[in-house]
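Number of protein chains: 4
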Amino acid sequence: MPKQNSDLHGNAPDTSPVVLLLIDVINDFEFEGGAQLLRHALPAAKRIAAFKERCARARIPAVYVNDNFGKWRSDFKRLVSHCLKDDVRGRKVVELLKPGRNDYFVLKPKHSGFFSTTLDLLLKHLGAETLILAGYTGDICILFTANDAFMRDYRLVIPSDCVVSQNPTENKRVLKYMQRVLEADITPSTKIDLVTSTGG
Amino acid sequence: MPKQNSDLHGNAPDTSPVVLLLIDVINDFEFEGGAQLLRHALPAAKRIAAFKERCARARIPAVYVNDNFGKWRSDFKRLVSHCLKDDVRGRKVVELLKPGRNDYFVLKPKHSGFFSTTLDLLLKHLGAETLILAGYTGDICILFTANDAFMRDYRLVIPSDCVVSQNPTENKRVLKYMQRVLEADITPSTKIDLVTSTGG
Amino acid sequence: MPKQNSDLHGNAPDTSPVVLLLIDVINDFEFEGGAQLLRHALPAAKRIAAFKERCARARIPAVYVNDNFGKWRSDFKRLVSHCLKDDVRGRKVVELLKPGRNDYFVLKPKHSGFFSTTLDLLLKHLGAETLILAGYTGDICILFTANDAFMRDYRLVIPSDCVVSQNPTENKRVLKYMQRVLEADITPSTKIDLVTSTGG
Amino acid sequence: MPKQNSDLHGNAPDTSPVVLLLIDVINDFEFEGGAQLLRHALPAAKRIAAFKERCARARIPAVYVNDNFGKWRSDFKRLVSHCLKDDVRGRKVVELLKPGRNDYFVLKPKHSGFFSTTLDLLLKHLGAETLILAGYTGDICILFTANDAFMRDYRLVIPSDCVVSQNPTENKRVLKYMQRVLEADITPSTKIDLVTSTGG
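Chains as they are written, first to last, in this note's numbering: chain Z, 24 to 223; chain W, 24 to 223; chain R, 24 to 223; chain Y, 24 to 223.
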């Protein structure tokens, strides 16, 4: 192939010091405990959708960082389509959080968005310094991804109302953990002043 | 998200000790030097297609390991579609090497298929021990990928008639290099006995 | 250099399906909160030392996975020597847990033992499938390392009496977390039957 | 352990946009072909030593990136000591290139200095943008390391008189390859103006 070292810019990623990561929001909720999780996840999806909209207006790009759910032959669009067209529990969540044509996506095979994916390189090309994390679930994929982001020196914003876990008590605990150990800002999305708090 | 550690097997990758990697074959050849490369690449595409067919019959899975060509928002299917539908130089190559529904794919942002991608994890789940490399170009992306495969202890088969470079002399040299340093088997595809030589 | 692909075995690592990781035990405790942590860490060091001795008899190798404490020019032996010879808080801990000539060591620059280190490759060469984690502190470096081990499909044993954190309540919580999410066995070291529970 | 995210700076790596990597120069040459390689390597060691001296005066830090030669329990200082004290072929090379107290070192288990090591993180903390590569052998560990450096967007300077391979013809070829594909500057060390050509 031709040398493409300097031209990762074909269709050109915009650059932005702040990037919104949407973790596992494209999700059929068809797993054990999925119905229970959905009770918290659907209201959160509305808040995430509103916040994503505000981010877009502030020119903060969104990256869907999503489980491949073991479907190695699948692609992101097929996952979206499965959640929207098949009669699955997660349909309303995915309708709210359907990706747009300017969004990025990264399929992750394991819990952390950084493990065995191209996420870190994408974030470097976007020029990201601060990551805003939202999605499911707080005490698993959000925590794993946040830990990995912290080791890579990203500043973390994790709005407490945009992250849910199976168990609300565990969700509160993990938010406090990420605030204490990872120095994450866990201000609820509605109180975040995107310009001031993110430097965006 | 639910713990998915033991269920990378949703739509289940088959397992196979031998895996065929098709490097940058989904390609519009719309770059400087592309027309010249195409003169070698098109005949090679015919040989690769025939060989891929034989691999499929021997139950050797194929993984497309392909440049994202700087289009971070794109996906593999859109790349294929661009090469088939737009009036591009590479159309005939891509018609010959169009992916099937059982093939895997990995988008790579840089030269090596292992750099900042999920390829190594996919190969581990397939149980791969021997990799067969074919595609473009021998002295860049094939070499980078082969070096990385060698450090990860994969055995290499690189059929000399299924690899081309801009410059045929450089192509021969890099094949000899990979034979000498990486202990690659560079037997032409038509002389490879898939059962014997790959242990498949 | 000569090709060394097949000879990672010079002075030959033994192989073992079970490996003991000692996290940040070579430590001067000369940091804010160090005196407080030491109150829990010193009794734990005695238990870890006894357990390490039992592991050695069961032919389970030990790997010291230790912060470089920002001293990029340093090496592991100098860290040990600093803790033993300079008049530092951690001296007694390090006397108890001084590495022997058969132990391995990996310096880690960040919280997880797997991040930007050779640990995973060393564990592969040892043939490790189960990791026993012990050391400091439970809710930071142990958790980060355990998460990364889990994503790499290692089975985890984390003896509850061999892990301490600044805050005992947080320590209990993180142990329960690792039991629940990472499926870690948190049986206290004194109740671990090394042969049965580790398959060693 | 305490959070050390912001204090990788204990004994503080200096920062420098240009860094000299010395590849596999700490070497006993006690392997098949070692005597033959030494005929080229010893004169090169003199040139590398003189160039390293000039780099030091230009405040360009040196990082020894060295095989662990399969000795997982070993450390860099023991390797140096083995080469200096035991009666080995490489003794004179190592006397010339003995590390000083301001030098950094990274043990690599495989061919590329970046594979399964902390090199990339160290270079980021040094603020490196340009890497100067010198050492042995050109067509194996230098090439593997240079490829990996190129994918990580480092600018490469590879002085043609400070790199040797078993076979001089292969050495010339690989230098031309790195010039053509990796855009490496292969000006001989004696003609490099450290201030101008490295921007240092």
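Hint data in this document are derived by calculation from the structure and do not stem from the laboratory. Among these hints, one or two may not hold up.
Since the list gives no way to pick one copy over another, a pair counts as held whenever it fits inside one copy or between any two copies.
Here are the computed lysine to any residue pairs in the SDA-like style, where the Cα-Cα straight-line distance is at most 25 Å [as the list claims (entries may be wrong)]:
#1 94 <-> 38
#2 94 <-> 57
#3 147 <-> 76
#4 195 <-> 214
#5 94 <-> 81
#6 94 <-> 143
#7 121 <-> 77
#8 94 <-> 193
#9 214 <-> 81
#10 94 <-> 178
Taking the hints in turn, this is what the structure says about them:
1. Taking the shortest alpha-carbon separations for residue 94 and residue 38, only the inter-copy value of 14 Å comes in at or below 25 Å, while the best intra-copy value is 31 Å.
2. For a Cα distance limit of 25 Å, the shortest separation of residue 94 from residue 57 inside one copy, 18 Å, qualifies, whereas the shortest one across copies, 34 Å, does not.
3. Taking identical chains as interchangeable, the C-alpha atoms of residue 147 and residue 76 lie at most 25 Å apart only when both belong to the same chain, with a minimum of 23 Å there against 35 Å between chains.
4. Taking the shortest alpha-carbon separations for residue 195 and residue 214, only the intra-copy value of 18 Å comes in at or below 25 Å, while the best inter-copy value is 33 Å.
5. In this homomeric assembly, residue 94 and residue 81 come within 25 Å of each other (Cα to Cα) only across copies, at 23 Å, whereas the closest approach inside a single copy is 34 Å.
6. For the identical chains of this complex, residue 94 and residue 143 are neighbours both inside a copy (22 Å) and across copies (16 Å), given an alpha-carbon limit of 25 Å.
7. Taking the shortest alpha-carbon separations for residue 121 and residue 77, only the intra-copy value of 15 Å comes in at or below 25 Å, while the best inter-copy value is 41 Å.
8. When the C-alpha separation of residue 94 and residue 193 is checked against a cutoff of 25 Å, the pair qualifies neither within a copy, at 29 Å, nor between copies, at 37 Å.
9. With identical chains, the CA atoms of residue 214 and residue 81 are at most 25 Å apart within one copy only, with a shortest distance of 15 Å there and 51 Å across copies.
10. Taking the shortest alpha-carbon separations for residue 94 and residue 178, only the inter-copy value of 24 Å comes in at or below 25 Å, while the best intra-copy value is 32 Å.
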